[in-house]
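Protein sequences appear in the order of chains A and H.
Heads up: the first sequence is residues 1 to 190, going by our numbering.
Heads up: the second sequence is residues 1001 to 1315, going by our numbering.
Please keep in mind that the hints were generated in silico from the structure rather than gathered at the bench.
Note that CB positions come from ideal geometry on N, CA and C, so glycine has one too.
Incorrect hints may appear among the rest.
[What the hints assert, rightly or not] Short derived list, chain A residues pointing at chain H, Cβ under 8 Å:
#1 R18
#2 A53
#3 S128
#4 N130
[Claimed, not checked] Under the rule of at most 16 Å between Cα atoms (straight-line distance), these lysine to aspartate or glutamate pairs were calculated in the EDC-like manner:
#5 A:K104 with A:E145
#6 H:K1006 with A:E145
#7 A:K121 with A:E145
#8 H:K1006 with A:D22
#9 H:K1174 with A:D22
#10 A:K28 with H:E1205
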Amino acid sequence: MNIYVVDNGGQWTHREWRTLRDLEVGTKIVPNTTPFSELTKDGIDGLVLSGGAPRIGLDSPLGNCAEYFEKASFPILGICAGHQFMARFYGGEVKPSTIPEFGKIELTILKEDPLLAGVPKQSIVWESHNDEVTRLPTGFLHLAESETCKIQAMRHKEKPFYGLQFHPEVEHTQYGEHIFQNFIDICKKT
Amino acid sequence: MFNAEKFITETIADLKTKIHGKALIAFSGGVDSTVCAALVHRAIGKDLIAVHVDTGYMRKDESKFVVQIMKDMGLNTRFVDASEEYYQALADIEDPEKKRKIIGEKFIHIFERVAKEENITTLVQGTIAPDWIESGGALRDTIKSHHNVGGLPEKMHLTLVEPLRDLYKDEVRKVARTLNVPVAERQPFPGPGLAIRIIGAATKERAEIVREACDIVEREIEHAVEKNQMEMPWQYFAVLIPIKTVGVHGDKRAYGYTIAIRSVQSIDAMTAAYSDIPHDVLDRISTKITNTMGAKVNRIVYDVTNKPPGTVEWE
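Take the sequences, apply the hints, and build the full model.
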């Protein structure tokens, strides 16, 4: 079982690697410039797109991430900038947040989904973002929100592609490791 | 999960092939450098020279304690008192990034001096994951230049070996417990020391004040933990804010600095929540600091910021 972490320059990229390793998955941090063919050489079962340096989710092409969406049949989990880029790629909209969120925020789940299975309707998550998805791309489901940021979680209707604005990889997100385990289970089943 | 025993066996084997001849380790006495020294000591024994530098920004009696640990561990020990040199270099430096860079460079110059005397070409550092992550580079933004990464001079004559690079503090502690290292549970203390707990110029006078205040915060919080009044924080200390406010001391006007109490809960320093310190503990800390410092400090504040948006240390 291999799930790689694509590094978009986030502060918590290495935390994502660590969470996957702690959950006993084969994992590696790879630069976002890695071509798809090289990425899949070792046989991978899933991909995590990390968050990024300031404002990278707003207008950067985010390395080769577009190619991954075009070619992947395995699950992809976009976090923060990864999530924002996923929304832009599929025709949604990303803008600077009216109220940027940092630290502790209450998440409300709107729609049941395997990625958030077992997470209570209300839980504590940690955030760190200046930008956010302001319009859901067509063909996506809206899964969760917070008081100050509507699109906290989304998924593609047909493909196993997920986006999270909050950070499940950090210790202070209550059900973070649980969400990662759900993602691993999704990768196993795909 | 992280397997400390496996990590120890693999790292020692790896160090044996990586280090040729003697090596020098930068030994602050914190968990990271002590664990690192224990590993390298097992790999190359007496060929390891452990150097501890008193920068003048260590905590109360800390250097004495650290030298004792080095001796207890059976390390080949060197001690350098560079405090006056550091106070001079930082006398009028206010920018936190400049402070960190000067401190980092000075460390390396001192280590290079010792290395030359001892004919050493390898420098071992206890760098851990958050150090290089927060120091930035390539895609990643620089949050702060950790003295052992972003604070390194461009030109350096020593080859770096950093066996703990991929570990976080909780994992280093697991290794420490397995190796039976005496400082496994010590709270983290930054390499630049008290210099980054003084906002603005880190003068000797201010260093003395914050050193005393840190000592009081540490003792009072440890006492409260012992009495089950609060959970043991991840890190707990005082910060000197060079803003003077008016007070009244025995019918006399006072005009002194402000001290902030900072205490957080975390496991890896990548996120942190401020600690819930009971009011009577805050009260004891406040009274003790102001009564000990006389006219130098007359206001105490309590930092209630999480990480993010704040960082654990103020600079």
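When the least beta-carbon distance from A53 (chain A) to chain H is tested against 8 Å, hint result
OK, holds: A53 (chain A) within 8 Å of chain H, min 5 Å.
Under the criterion that the straight-line Cα-Cα distance not exceed 16 Å, is the pair K104 (chain A), E145 (chain A) satisfied?
holds (14 Å)
Between K28 (chain A) and E1205 (chain H), does the CA-CA distance stay at or below 16 Å?
violated (48 Å)
Under the criterion that the straight-line Cα-Cα distance not exceed 16 Å, is the pair K1006 (chain H), E145 (chain A) satisfied?
Roughly 42 Å between the alpha carbons, so the hint for K1006 (chain H) and E145 (chain A) is violated.
Are the Cα positions of K1006 (chain H) and D22 (chain A) separated by 16 Å at most?
holds (14 Å)
Mind checking the CB of S128 (chain A) against every CB in chain H and telling me if the closest is under 8 Å?
holds (5 Å)
Does E145 (chain A) lie within 16 Å of K121 (chain A) when you go C-alpha to C-alpha?
holds (11 Å)
Tell me if the straight-line CA distance from K1174 (chain H) to D22 (chain A) falls inside 16 Å.
holds (14 Å)
Cut-off 8 Å, beta-carbon criterion: hint that R18 (chain A) touches chain H
holds (7 Å)
Restraint: N130 (chain A) near chain H, CB-CB cut 8 Å. Satisfied or not?
violated (11 Å)
The structure is inconsistent with the numbered hints 4, 6 and 10, although it conforms to all the rest.
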